Every structure is written in C-alpha cells, then in structure tokens.
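Novice: Quick note, the sequences are listed as chains E, A, X and U, same order.
Everything in the first sequence is counted per the working numbering, starting at 865 for the first residue and increasing by one.
Everything in the second sequence is counted per the working numbering, starting at 865 for the first residue and increasing by one.
Everything in the third sequence is counted per the working numbering, starting at 865 for the first residue and increasing by one.
Everything in the fourth sequence is counted per the working numbering, starting at 865 for the first residue and increasing by one.
Note that these hints are calculated values from the structure, not bench results.
Treat the hints with care, since some could be wrong.
Any copy, or any two copies together, can satisfy a pair, since identical chains are not distinguished.
What the hints assert, rightly or not - Derived EDC-like pairs: lysine to aspartate or glutamate, alpha-carbon spacing no greater than 16 Å straight-line:
{"hint": "1", "residue 1": "K921", "residue 2": "E905"}
{"hint": "2", "residue 1": "K945", "residue 2": "D1107"}
{"hint": "3", "residue 1": "K916", "residue 2": "E1202"}
{"hint": "4", "residue 1": "K916", "residue 2": "E1127"}
{"hint": "5", "residue 1": "K1135", "residue 2": "E905"}
{"hint": "6", "residue 1": "K988", "residue 2": "D924"}
{"hint": "7", "residue 1": "K916", "residue 2": "E1136"}
Quick caveat, the model's predicted, so the values are computed rather than measured.
4 protein chains.
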Amino acid sequence: MSVSVAILGASGYAGGELLRLLLDHPQVTVTQVTSRSHLGEYVYQVHPNLRKRTTLKFSDPAQLQPVDALFAALPHGEFQKEVDRYAGLATYIIDLSADFRLRDAAAYERWYGAPHAAPHWLGKFVYGLPEFHREALRQARYVSGVGCNATATNLALLPILRAGWLHPDQQVIAEVKVGSSEAGAEGNIGSIHAERANVIRTYSAFGHRHTAEIMQECGLKNVVLTLTSVDLVRGAMATVHLDLPPGLPMRQLWQAYRAVVQEHPFLRLVKEARGIYRVPDPKILAGSNYADIGFEYDEASGHLVAFCAIDNLMKGAAGSAVQCLNLMMGWEETLGLEFPGLHP
Amino acid sequence: MSVSVAILGASGYAGGELLRLLLDHPQVTVTQVTSRSHLGEYVYQVHPNLRKRTTLKFSDPAQLQPVDALFAALPHGEFQKEVDRYAGLATYIIDLSADFRLRDAAAYERWYGAPHAAPHWLGKFVYGLPEFHREALRQARYVSGVGCNATATNLALLPILRAGWLHPDQQVIAEVKVGSSEAGAEGNIGSIHAERANVIRTYSAFGHRHTAEIMQECGLKNVVLTLTSVDLVRGAMATVHLDLPPGLPMRQLWQAYRAVVQEHPFLRLVKEARGIYRVPDPKILAGSNYADIGFEYDEASGHLVAFCAIDNLMKGAAGSAVQCLNLMMGWEETLGLEFPGLHP
Amino acid sequence: MSVSVAILGASGYAGGELLRLLLDHPQVTVTQVTSRSHLGEYVYQVHPNLRKRTTLKFSDPAQLQPVDALFAALPHGEFQKEVDRYAGLATYIIDLSADFRLRDAAAYERWYGAPHAAPHWLGKFVYGLPEFHREALRQARYVSGVGCNATATNLALLPILRAGWLHPDQQVIAEVKVGSSEAGAEGNIGSIHAERANVIRTYSAFGHRHTAEIMQECGLKNVVLTLTSVDLVRGAMATVHLDLPPGLPMRQLWQAYRAVVQEHPFLRLVKEARGIYRVPDPKILAGSNYADIGFEYDEASGHLVAFCAIDNLMKGAAGSAVQCLNLMMGWEETLGLEFPGLHP
Amino acid sequence: MSVSVAILGASGYAGGELLRLLLDHPQVTVTQVTSRSHLGEYVYQVHPNLRKRTTLKFSDPAQLQPVDALFAALPHGEFQKEVDRYAGLATYIIDLSADFRLRDAAAYERWYGAPHAAPHWLGKFVYGLPEFHREALRQARYVSGVGCNATATNLALLPILRAGWLHPDQQVIAEVKVGSSEAGAEGNIGSIHAERANVIRTYSAFGHRHTAEIMQECGLKNVVLTLTSVDLVRGAMATVHLDLPPGLPMRQLWQAYRAVVQEHPFLRLVKEARGIYRVPDPKILAGSNYADIGFEYDEASGHLVAFCAIDNLMKGAAGSAVQCLNLMMGWEETLGLEFPGLHP
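So that you can see chain E by itself, here it is in the shape it has in the complex (with noise of 0.2 Å):
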C-alpha cells in the first residue's frame, strides 16, 4: 500500500536529501530519480552517504513516468515551464524550487525579474510551511517549498505572529548567517573551500528573493532580510531584531512561545540559563527536521531579538517537503522525520 514517489534533479543537495528521508519513509516507495548532468550513474557515486541503501540510478528527466507523488527539486524557474506536463504523471506535487511559493504574479516578478510562465497554477499551490498551514495542506495537491532563511525568519515571528503583536507597517530587520550547502551543489569560484572558508562574508544587505516570503506569510511591509555566510557547511541561523507594543509583559512573550512549541511538533523552545546550549544553534540540528526557537526581550524598550535555528537542507528544504507530504497523505506528521541530530 506504499506510495510510489519520483524526484525530480536528485543529484543537487536538496534532491539528496529528499532521497535519503523517502529510502527510509516506512510509507514510500521510491521509483524514479532523473539527473540530466549524471545520468545512468548510480545515486550513491554522487550522494555517498547512500552506498548500500539504494541501487537507483539518475534517470532522464524527459523519461518520467506516472508516479502518485512528484518532488520537484529542479533549478528556479523550469518547474514552472512544464508543470503542465507534470500535472499529467502525478496526482500530488510538491515543488522545492521558488517557482510557486509566491501567491501572487506581480510580485513574483517584481522579486525574479521576469513574468511567470505559468501564473494561472500559483493559486493552486498551498505554501510548503506546516506551521504556518497545516489546515491547508492536509487538502492540498500542489504544494510549494520554502527558502531556507525565510523559514528561518518565519519560524522565529511565528509567536509574535501569533499573539497578534505584528504590526504590518513595522520594521523587522532578519540577520541570517548561514552555512555552505546553502549555495548548492553547483558552487561557483567564491565557493571553493580556500575562499569559503574562514569567512563571515555578509553577501546580501538587503533585496534578497526571499524577503518576499516573509512579508507574504508574516503580512509585512518592511523587512530588512541580511545574509551572511559562515563556516559551516549546514545551517541556518536567524536573528531577529523587532520593536513589540509597549508594555508588554515578559510573561506574555513566555506564554506565546509555549503555545507556540506545544503546538507543533518540529518547533523546540531553547531558552536555559545555564550550560553550552541556552539558545538555539544549528549546530546539533544537521541532518533533523526541528526548528529551535527562543528569545531574548528588554521589558522596559519592548525591543524584542527573536532566533530560529535550523538545517537549511532539512525544515529550510526537504524536511519541510516531507512533512507536507505527510499532512497530504494523512499520515502521522513526524514520519521518516524521526533523526534528532547529534551532539556533539
């Protein structure tokens, strides 16, 4: 009674990852992988960590054959061309690209310079983030991924949020320091180990893609989104500076945080007075699908710093798409989702 699943360009960091989860998800079958730069190689010669789990090879996208459940996990911008033809060989979709995160034309193309070649399927994809839609996606067909420091960001307001302390029109400036694997398996000469690094390299100061998620899901106007790299190879950690209503209580902020972890099962509060780990640190997180959020608040400004820590690859990518198809399929959430991460 399993589901037969295809990934679509298995061979980046992204594709690997779904690999690895849905080998081992006790409810799916993996059927097909395509790669067009190694084809008819085994998918162990490129993602290692597989040898002996898989005797898969990368097959040709153009080959594709029906399947109950397609990932999608092609460059920006291709799935959009053919999501047609797609349409046509599975009955439920989840694309990790940026192509259908955003709900609405215009700002897709504000934010990637160019129209949507398929604007009439945005409306039909629900936003990949469990917590921020989990209603939704238990009905959904077509979903979408999500940016990794959007995730971030989003995971971190998602109290604030909550509570109703979001003011539309107030700043919100993310700080997110991120690790390699980020960049993807591509790389370019800025990613090569002798410059990468060592580095704390703020790439991007503002205007980046996924500002616009976080505005679309929080329902902000001004967002500061800052990205900075660091040595790391997987990670994604997200300050967040914002200003609450006067007067708030720290209790209430306490308050908000609980309901929030208690809620879903992938977000942990971190917030200890003692010990190396009292805030969140995706140090531990590699390779596991928690988001660990916490919070440092100045009762008397109501100047609030809000973290989220992650794995860009797990809850920033794959994990997050896995978790979906779990809420799609009406199985338990946390399915082949079970690896905590590890220490140290």
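Assemble the complex: chain E is given as a structure, and chains A, X and U must be docked to it using the hints.
Specialist: Here is chains A, X and U on its own, set in the frame of chain E:
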C-alpha cells in the same frame, strides 16, 4: 516485551550517543541514565539534540536499579572496580571503556600501567567488534567496547586478515587521523577551539594504548599506530601501510574486499574511478554506523595502503555497542542503526 | 635609542599578539613579559610562533622593573587595583583591559556591576582608538585599549558620524559575529572544540558591556549590540543597521566613506561590483591591523547597512594598542603594523 | 639600487603570495604582474589583502618587459615551452612550477607522462630548496621551485640524511596531510566548501609526482608518499616513517636534529615535554617561512617517526622562492620573510 536498559556515564559523548540510539531503538526502553557531574539535570540540557525526545534526568550511579542490560561509558578504570556489583544488577553488560578489551592481564598492565582490578573477569568479556566476533557475541553476556582508532585499523585490515595474508611478524604502520570528539567532553586546555581549530597535530607517534587492541585482534606483533588530530568533530580515518606477499595479483585483492563487505552489513567498499567520493571519508559518516573501507595496491612492489573511515562515536564506540546488543539479544543486527549519514 | 617596553599578562592571546608585534618593532626593546600562570617558562612554549625569535621568559609581575612604556593585558578589573604602583614604574601606560575605557565612573559601575577602584584615574586615560582620538593620543601618557566588538561597530559607524548623520536618539542595531579567540586563552567548557566547532550561537542578544563603548564614542543612547559566535579563530564582523535622514543621495554616502578611508591609514573601503571579495570579510585580516569597511544603502527607504571587518586581536586589541604607542611616541603611525594579512 | 622583479601567473595562490612578500621586500621593486584570466584588473581585486598596498594591475604575459628577476608561477608545463624567450628578458629566473625540478629528462617523462619541452635547460636549474642547495643557489641564475609535499618530507628527513643514516634502498613512508590551498585557485567540483569541509580524504595513496623530488633530493629508491586532504586552508604536515640502523642511541638523534636547526635559519626543532604545542603543527605557520621539525624515536626497535610542518604556500612555494632570491642576490637569507606566524 521491550528490554530495559540503563547507561552509566551518560553525560559524556559516547554515553550521549548511546542514549540517542537507544531512545529510538524499537526493542529497548531506557530506564535510567547516570551522571555524577550532571546529577538531577534533564538529559537534554547536556545533549540538546534530545530535547522533546525524552524527559529523563541524570541519576546517581549509586542508586542504579536492576535492568536487563547495562551500558557503561565511564572513564577508563572505573568500571572494573565495581564490576561485581554491576553484574548483580544486570543480566547483560556492555562496557565501552578500555577495562575489558584485552584478554590478557599482563598485557593490560603493560599497556595501562597498573594491574587490573578484576583480572578474573577479563576472560568473561567478548571483544565487542561484530565483524571479528559475531558468533561469540550471539552467546555473550559480557561484552567490551572497542577503541575507535583500533577499530578503524582493524576493519582496514580485516579483508587482508581473512584472506590469510597477514603475518604475525610483519610491520604494519597505521596512520589514523581523528576529530576532536575523541578527546571526550571534559577536554583540556589544548582542546579549546582557538588552539584546536586548524591543527594537524600528530599527538602520538607510537605507543598509544589502542595499539594493543590491534595486536590482539589481528594477531600482530609489530604495529606502529600514529595518531594525528585534525579539524573535525566526528571521524576517524585509518590509512594503513603494509607489504603483501610477492606476486599477489590485484584481482585477488578485489575478491578479498568484496567478500568482506558482502558478509558484514555495516562495511562498504569505496573504490570509485571518478566523482568526488572515490575513497572512504569520515565526512559523510557522522551519526552513521558504517565503516567505509578501501585500498590502493601496487602490484609490482606488493605495497598495500588500506583505508577505513568511521564515525569514532558510532562504529568506534556507541554504534558498535548497540550492534553488539542486537546480536546478544538475537535481534536484527542493524536495528536502531539505520541512519545513513549526511551528504554534504 | 629604542624604547623599553614591558607587557603584563603576556601569556594570554592579546598579550601574545602584543609581544609578536613589539619584538619586530624597529623602535622598541621588550625587556619584560609577565605571567603568573606560566612563570619561568619560555614565551615560545606558550606562543609557539615566537620560537627562535626570543629567549624571553615569563617573569613575576610583582618584580616589574621600571620601563619607558607598559602594556597591560590583565583580566578585567586587575589593573585598576594597582594603577598607582604601575604608574610609578612606567612613563607611558597602555591598558588593554576594560578598566579605563569609560570616562564616566557611574557608567562604569552600571555596565560592570561594581564601583571602579580608581575613579580619579578615569579622566587621565584616552580611549585608544586612533581613528576617533588621534590628536589626543599624540599628547597622551595613559591610554586604554578598546573592546573588539565596540571597535568593529564604531569603525562601521565612523563615516556616518563624521558626516553628521547620526542622531543621539536613533536606534542602531549592531550584529557582530566573532571568532573563538575573543573568549581568551582560559576558555570554558563551551569553548572546547567539539562543542564550539560548527556553531552559530547568539550568546548575547543585548546588554553586552561593549555597548557602553559604542554609546560613549558615537554619542548614541539606543544601541542594540548582538553577538554571535561562529566557527573561526580570529575575526569580528559588524553588520550595523540604521535609518538615515530622508533624501540622502547615494553619492553622498560614497563621499563620506571615501573621505574617511583617505584620512586613516588602516581603514579600507571594500565595495566591489564583482569578484569574490566584494564586501569586508575578516577572513583575509588575520594578523593585520586593517579595518575593512563598506556599506549597502537603500536610497528609497534610507536604510543603511554598514560593515566593518577586523581581526579582533589586532585592530580590536593589540594592533590598535601598538598604533597608539606609535602616536604617543611621535613615530610613523603604521610602524611595526605592516603585515597585510593573507589570501587565501 | 633595488632589483626589478616581474611575476608571471600572479593571480594564483602562489603568485599572490609571492606578490605579498615582494611588495614588502626592502630590496625589490615589483614592476609587472601578469594574468591572462584577470587581465586589466587591480591585483587587490583578486588578492584583497593587498588593497591599499599597491595599485598594480595584471598585465599580459605576452607584453613582458625586461626585468632583473622573473618569478614564474604558471600552471605546470607552460613555462618550459617559452623558457628561451623568458631567459632573454630576465637575468635571473625562479620558476615555481614543476617544470625544472627534476634534473633527469627521463625521470621527468616517467613522472609527468610526456617528454620535456626543453630538456637541455634541465641541467641549468638548481632545485630551489636552500636547506639542500645553499651554496649552489648563491651562484645560480636559474632556480626551480619546490613541491610542497616533497618539501615537508625532505625537511623531515634532512637531519637523518645529513647524519648519514639514510640508505638508498630503505623504505620510507611519508604521510602528508594538506590544506585546500594546495589545490590552487581554480579548484574543481570536489573543492567546493560543502564537499571539501570536514574531510579526511586520502586522495593519493602513492605515485604522486612529488615523490620524484623526494627520491632525487634524498637519494632514495623506495618512497611511499601518501597525501590526505584535511579541513584547513594553509598547511602541510609530513609524518615520515622509517627504520634506523640498529643500536642508534637517542642522544645521537638529538644531536642530529640540533645541528640542522642551528645551521638553517628557517628550521626549528619542536619537541616539548608539556604544553599545547609539543610537536610541529602547521596551524601556527600560516604566512610564515618556518619549517618546524621534530621526531619520535623508539630506541629498542629503531623505528623513527619524523615530522615536518610548513605553510604549503610559503616554505612549500613562495617563501622558499624568495629565500632563493635572497641567496642568489647575496642578501641576508631571511630578508622579507620575517613574519613569524600567528598564535592562536
């Protein structure tokens, strides 16, 4: 029908890794975890990856209650002092320390610099490396852990040993490179990040205690084990040099390696002609119980370079220990050890 | 005609860096270096880069002999207790600790949690950042060191301050990312490599003591200084957010930055349209006294993101201190500080 | 009275390091730096550490003007094709590539897989390692560079070679661990940070071309050179195994090492009983021309483990090349090479 398990010394790295594995093991219930230094704290305060996974607290080892199986991850020398008491509390014992790895009391005293506190117990323990002692482990009640550097070397040599090509008198030079988690959670001044990052530090040229485990398990007299710290948290990589009997053709090497990886579920042969991952590399093994082996062989000279990469806390400590439990209990050998590692 | 110099607390990281610089300084002879914890050891046993460069040994600070200039790199709070004694032994004093950075005794008590031991001395010290106090330093006998996080932030703000665009009441959010050498040579359990590698750990959201130095030097009342540890040994990177007065055109920003880097020999403007190094990055500053500054500015909204990258032990500590000595003595400002840093 | 110098191939890592050294060299004026791929760019756009240090731009190697001394840092195989033309333009030549390292044309062809393009030039070049050829270098007009892995191994063996304890037929196993800058600025897919971070990757078990330089310089026939990539940018560490003649007492080893480090200004003996830095470690050598050597010796068996740590771009490339220039010109050997490296 699950088996009750306790872990002594669960606040260290190997103890924490055991706990991570056993909490998700389908046949096991962890009932107690002890730590003198963290008495009364939640385990997730020390091992933050386990937050939301357990509400266990560290208890006092003096208060240990009877259990089916006891894992001990105490500092070397501690467990042997109380082995009688602990044997009265647990049907099965797996001791990860070095206390019961050597079968010979004289060898123990020579390598560890002090007489053994319970020499009559030495013969009751089976050396806990399933690839060397699978059948004995199925019958065992008492099992020792393994040294991580010894394990990387022993598994690198296993195909050669099984093929009968190792001679007791021949010189074997094992160059093992290791990550910082090997030093344990206590650390020392040389372990702080500013001093330990970016190192290539050959801290033991020969004479390390793990040498004794290689000599014992491979039946060798002349082993040079050299240990070098590199900038990595988890991982041990053995590069082992030896000269094979003259005239041995390459294809026999291939046969020897293929036979071994087919027999053992956690061994994989990595020897690719192209791609990034052509040889074993601990990078992709963090959290995994796999040991990736490989070799390069010069047919003309008979010189062999044998490789083995492991996660020192998994196959080199906690992972092998759980694999032993599975064998002792008659369960599937790979149970609870399915995590394949991450890429990248 | 060389000047005799002693260093108190020379076994720490800042003290060691001072020693490296002063041993090669053409106008200086280092006559004494003290350390209580390493008394009698050769300095190269603690600072192994100095092997074959000096045969100095660590001596007892209680035995300090008169010198022309005294550098103090003691733990915070120590030097103020004996400032009178030391002032009797040295004509010039540069104290790298936080003891004499704040001019106001009440501010000191508020930020450091205890009354100052020698408040009458506070007014005699000049804050040791040449880019802010060059003329005063030329006349000074007593100079304080600087906080590294404050320095990165102050230098990021300097062009804006000089242009008159900073208002005392405006909010400034300074996100500083730092390497592990900032924690000092003593370390703590959270500093050991296995726990400290791969982190992105926001250990102080606001309220850090260095905030007081930014408020004092930039004349600001509302500064949020947020500190995040990343995986790097040397380096501090400030990403500073603020809103500029409406209508300020981009070209005026360029003018403000160019003016500042032309005036100060150790400031460089990094703002390239292409290549790998388009923005300031501490990666290339290890061992260098340069502070690389840069900015991104949104003309429409007036939002400015100002950057500054430094080596926390150089421009953020020992390098600025030697630069101050050069000014105090009337020497060329860059003397002994010529090392440009490495690529890659 | 300064000497004019040009650098061919100055956009690579070794070329950039040469440029850094020569810009600060008191006897040298750099007049031209060439790069085909970065033609017309400022050198600081590629080597950002040199911003504010030079306004040189990369020029076309075809336009090279006559100079006193020419450094070539071209890809292997390029310089030999045009050595006649370049010899017409420069009185002194130092070629950092592998083109003129081997004296024997047959050996060149065997190790490099193609006949040499200018075999009659081979005998005119002196191998550019001053610790092996100081007197010849003082008379030389043409000097080759050195292989970094060969240099670490050769210097590890130098005390043994000088003492007359090396026999041509004995087996020498050199395990060299290296950083990512060795791969050069071009990189390849395996060099991108996400794939290259956290590795321990033995990419060459034997047969590497640098082996030929060890055989030539040490007069050995049986050298196994094994190369392992670790997570570090700059550094090469050789751990060399060999068996010494029976009966050699430890004190003679000490004498042999002490004699060598007294003779050579850039060699240091590191062999401490305590402290963090008891053995050579490239961590503290970034940017320095020192080679730190050391050893462990088992008097009973005669087994020696010899160490050498270097910065592969300095003592293993550009630093040795400048040291050679100093000798060729009759200058102080250490001129322009004073930077001692950093701690931590």
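Novice: Look at each hint and say if it fits the structure.
Specialist: Going down the list of hints, with the structure as the test:
no. : hint            : in the structure
1   : K921 with E905  : within (5 Å within a copy, 45 Å between copies)
2   : K945 with D1107 : neither (42 Å within a copy, 41 Å between copies)
3   : K916 with E1202 : between (21 Å within a copy, 11 Å between copies)
4   : K916 with E1127 : between (38 Å within a copy, 13 Å between copies)
5   : K1135 with E905 : between (46 Å within a copy, 15 Å between copies)
6   : K988 with D924  : neither (27 Å within a copy, 56 Å between copies)
7   : K916 with E1136 : between (41 Å within a copy, 14 Å between copies)
The structure does not agree with the numbered hints 2, 6 stated previously, though it agrees with the rest.
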